[in-house]
Amino acid sequence: MIEAAMIWNEPNNKSHWDPEVDPDWSRFADMAKLAAAAIREVNPGLTRVLGGISPIDPDFLALMKSHGVLDHVDAVAAHGFPLDWNLWQIHEWPQKLDELKSVTELPVWVSEVGVSTFGAEEVQLWGLKRTAELLKGRVERIQWYSLYDLPRAWPATTRHREAEGSSYYRHFYMGLLREDGSPKLALEEFARHTPEIGLVQWFHFEDPRLEDAVAWMKRLGVTYLRTGLSWADRFRPNALEWFDRQMEALEEFDVTVTFCFTPEHRGVAPHHTSAPLVPEEFAEFCAEMTARYAPVPSSFDALRPRMEMPSMSFPIQPRE
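The sequence shown begins at 1 in this note's numbering and counts up by one.
Since the hints were derived computationally from the structure, they do not count as laboratory data.
Keep in mind that a hint or two might mislead.
Claimed, not checked - In silico DMTMM-like links for lysine to aspartate or glutamate, alpha-carbon gap of 20 Å or less: (1) 101 to 121; (2) 136 to 206; (3) 184 to 248; (4) 129 to 99; (5) 218 to 248; (6) 136 to 59; (7) 218 to 264.
Claimed, not checked - FRET-style restraints, in silico, Cβ to Cβ: (8) 179 to 105: 40 to 46 Å; (9) 136 to 185: 31 to 37 Å; (10) 269 to 244: 27 to 33 Å; (11) 20 to 219: 43 to 49 Å; (12) 180 to 24: 40 to 46 Å; (13) 102 to 185: 26 to 32 Å; (14) 265 to 181: 32 to 38 Å; (15) 179 to 44: 18 to 24 Å; (16) 264 to 297: 24 to 30 Å; (17) 181 to 74: 32 to 38 Å; (18) 66 to 178: 41 to 47 Å; (19) 136 to 238: 36 to 42 Å; (20) 236 to 105: 37 to 43 Å; (21) 265 to 185: 31 to 37 Å.
The beta carbon of each residue, even a glycine, is placed where N, CA and C say it ideally should be.
Working from the sequences, and respecting the hints, build out all of it.
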């Protein structure tokens, strides 16, 4: 079910990591290395991926390399939205990938790429076709963002808001399906590229779209999915019940699970983008989720490295 664990999401984007709290990303690096070691301790065969960077910045990847983070992961990832937010043209995708490959020999995944229908659905259709032409065969994973439009009643996970013209509103139009579940023009084209191209779909806590999303993904021929489990949500009542329901619904897919979002009461600043007060606590969460949803196969038992871990904030409970 789970093929990979991704450590955070867009760590070089202030909408997901606060650079005022951690201006040199040393706190992030320490947290990421602890998380990677914790995941490896539970399941040494699980692929560990550095959270997809956005914008695509080889200097940030070089910074992570200098902090030793790349020694603790099996792949790196990038996110690109040249028709909506990035300051480069869609035709530059091969160049952007080459820039990252000049920094590391690790596999590069494109764990989020998409086009909004804010201006016109025809733009998304063309953008999907061109993205497929440029990326297929160049990277091991391509994940299209996303299946559903973000409901307008929900906030987008960004700090930019309305300060940059249409940028904030484009977050709500990234789906292949509209908010009401009706298909857009690009849906049929997307199905022509599965299973080689997968999907990204973030599910909010107790998301009512979960079962419909699974049905659509099966209909579209999707086999690869990227989603997230929120450390912040772990502190909600009935968190494990929701996590179990989500992961059980996704069992038929090859899932990359992104671990991210700091609980407000455990951050240096009270915000989900903050570095945690105690980075080992994030590692504990990653270990707990890995043990619950990607337990080590029995054939690995004799190979597991031993690592001293701090006492767990949560009991590690494999699913029944």
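Hint check results:
1. 101 to 121: Given pair residue 101, residue 121 is violated - Cα atoms ~33 Å apart, limit 20 Å.
2. 136 to 206: Distance of about 34 Å is beyond 20 Å: violated.
3. 184 to 248: 28 Å, violated
4. 129 to 99: Answer violated: residue 129 to residue 99 is near 23 Å, above 20 Å.
5. 218 to 248: With Cα atoms ~15 Å apart, residue 218 and residue 248 stay inside 20 Å; holds.
6. 136 to 59: 25 Å, violated
7. 218 to 264: 36 Å, violated
8. 179 to 105: 40 to 46 Å: The hinted range 40 to 46 Å holds for residue 179 and residue 105, with Cβ atoms some 42 Å apart.
9. 136 to 185: 31 to 37 Å: For residue 185 against residue 136, whose Cβ atoms are near 20 Å apart, the range 31 to 37 Å is violated.
10. 269 to 244: 27 to 33 Å: 31 Å, holds
11. 20 to 219: 43 to 49 Å: Since residue 20 and residue 219 have Cβ atoms about 44 Å apart, the given range 43 to 49 Å holds.
12. 180 to 24: 40 to 46 Å: 45 Å, holds
13. 102 to 185: 26 to 32 Å: 37 Å, violated
14. 265 to 181: 32 to 38 Å: 36 Å, holds
15. 179 to 44: 18 to 24 Å: Since residue 179 and residue 44 have Cβ atoms about 41 Å apart, the given range 18 to 24 Å is violated.
16. 264 to 297: 24 to 30 Å: Because 36 Å falls outside the window, the suggested range is violated.
17. 181 to 74: 32 to 38 Å: 36 Å, holds
18. 66 to 178: 41 to 47 Å: 44 Å, holds
19. 136 to 238: 36 to 42 Å: 41 Å, holds
20. 236 to 105: 37 to 43 Å: With Cβ atoms ~40 Å apart, the hint holds.
21. 265 to 185: 31 to 37 Å: 44 Å, violated
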